[in-house]
Every structure is written in C-alpha cells, then in structure tokens.
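Engineer: When you get a sec, could you build the whole thing from the sequences and use the hints?
Listed below, chain by chain, are the residues.
Protein chains: 2
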Amino acid sequence: MITNHASESSSGAPSRPRSADDLVWRALSDPSRRLILDRLRERPHTTGELCRYFESTRFAVMKHLKLLEAAGLVLVERRGRERFNHINPVPIQEIYRRWIRPFEALPADRLLRIKRLAEAREEKE
Amino acid sequence: MITNHASESSSGAPSRPRSADDLVWRALSDPSRRLILDRLRERPHTTGELCRYFESTRFAVMKHLKLLEAAGLVLVERRGRERFNHINPVPIQEIYRRWIRPFEALPADRLLRIKRLAEAREEKE
DNA sequence: CAGATATGTGACCATTTGGTCACATGATAA
DNA sequence: TTATCATGTGACCAAATGGTCACATATCTG
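Heads up: the protein sequence lines correspond to chains G and U, in order. First residue of the first sequence? That's 99 in the working numbering, and the numbers climb one at a time after it. First residue of the second sequence? That's 99 in the working numbering, and the numbers climb one at a time after it.
I should point out that these hints are in silico values taken from the structure, not numbers from a laboratory. Only true hints are included.
Calculated lysine-lysine pairs in the DSS-like style (CA-CA distance at most 30 Å, straight line):
1. U:K213 - G:K161
2. U:K161 - G:K161
3. G:K213 - U:K164
4. U:K213 - G:K164
Note that the structure is a prediction, hence the values are computed from the model and not measured.
Structural biologist: Given below as structure tokens:
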C-alpha cells in the first residue's frame, strides 16, 4: 500500500529566505494591508493618519507598514517627526505581468470544459 | 504621552469568516500553491501527478488543493479513483479587475515623486 | 476475490503571523 | 525648556498555517 511518506527528515516549514516576489504576495495576502494600500492609492498618509482607519492599535499598523515596505510596496518619506507612506505600484505591476497575465490566455476548448465543471459544481449546492 | 492602546477588550485575531476575495488572496500567497497553479495552467493534473513536482508529501499537496478548491481557483473532476484538478482562471481575473488594475492609474506627478523616493532608497543601500 | 493504486480524514506538531503592551527616542510647540 | 506628539523597538501571546503520519475507503487489475 503506497501512501507517499517523507523520504528526507523534515518537519514543519524550513523558513527559506523568501524571494522578492514572495514578499509581495505575502504582503498582499492580508486584508488590513490591502486596506492600507487602498488608502495610499488615494494619497500619501502618515502612519498616524492610517491608524484612524483601523480598529487595531498603532503597533499592528506599524508592523503592517514594515512588511509592506520590505516588499517594496510602500516607500517612506521622513519629514520631521512624521513619516509619510507612499504607495509604489511597481511590484504590483510586476506580479501582474509575470504571473497574472499569463492566466488570461487559455485555449477556448479548455475554457468551455472549465465552465461546464463550474456549472456542475454550482448545481451540487 | 499618547501611545494608541486598544480601547475594546481584544487579543489576537478573532477569526472572521473570511470573504471570497480573501480566500483567493490567501490561497495565492503560498509559493507551493502558486506552483500548483502554474502546472495546472499547462494542463489538468491528477493529485498524484502534482505530487511528483514537490518535495513535500502527498498530504501537504492535498491540503493545498483543498484550499485552492475552496477559493474557487481549482475545479475538481472525479473520474474513477482519480481526481483531475483543473484551473479556474475566473477568480484571478476578478482580483485583477477589482483590485490590481486600479493601481495602474496614478497621476504622473505622483509617479515622479515615487520614482525619486525609490531612487533615494536605493542609494542608501 | 486479492492485491495494488489513488485519494481522503483526523490527530498532532513546530513555526509563522497578527496582535498586544511597556518602554524609548526624536521633533515641535507653548 | 519642558510637556506633548509621532514614531520606533523588543518581548510576549494566541491563533493560524504548513507540515507530518496512522489509518481508512474506493477503484481498478490480474
């Protein structure tokens, strides 16, 4: 009976260095961080301003900003004691170009099959 | 001294029901799952076939597939004892249309500022 | 039917993650 | 210059996450 067990000794996630792309995906995966980016899309905000949009504390927002900055999605402009957070659209565009756009080109026959599968699934509910 | 503490009693994430969009973002945030989708983009694969691309065990791959299915990114076609996993491009396209595309339209003056900030940051490294 | 194949489930575990706070520092305004 | 404001850091905590395995079921194939 084959059950596909691990051959190497390993347990849990080995915490790899994380690629640049992965940092971006990871940063985008959290709804609070996406909300921050939504605000920054309108105009730059200081950290304090951003905090007003959230239930959680300033510290949580700062952690989010740190992740967003590490991913290159947010650029920081220090002015006096204030920190202005600007959005950087480039990483998002890269993600789109390199990973999302290729998914738009599927042959018509496959799309038809997919559509049928989706309909079959909906009927089951 | 203002430090912005929590007003309501709360600790840790309250585990909300997660919106449909969030399921998709969450599913896309893991590199193994993106790799699965890369394979499925070429052609449908059975679960066993997919396992060959990964170091981790079949169980991990199955968990990933379950998440991808819950997010609507993978549609399952059962054929005998085999399970064919098909990619569904629709959720990705929705994410793009509703969230990513809007980031492409930033006014030129803001883009220029952002470019300068990015350059200043590069020099610091 | 009997064994091999392909997938599914629940329990369990270590790490990561998102969150809190006490405490600290640098800039501003009265 | 002194109190206030805006931001930063490290420690800590509970929950989510990604992973493993023992065990189970259903489907071929000889």
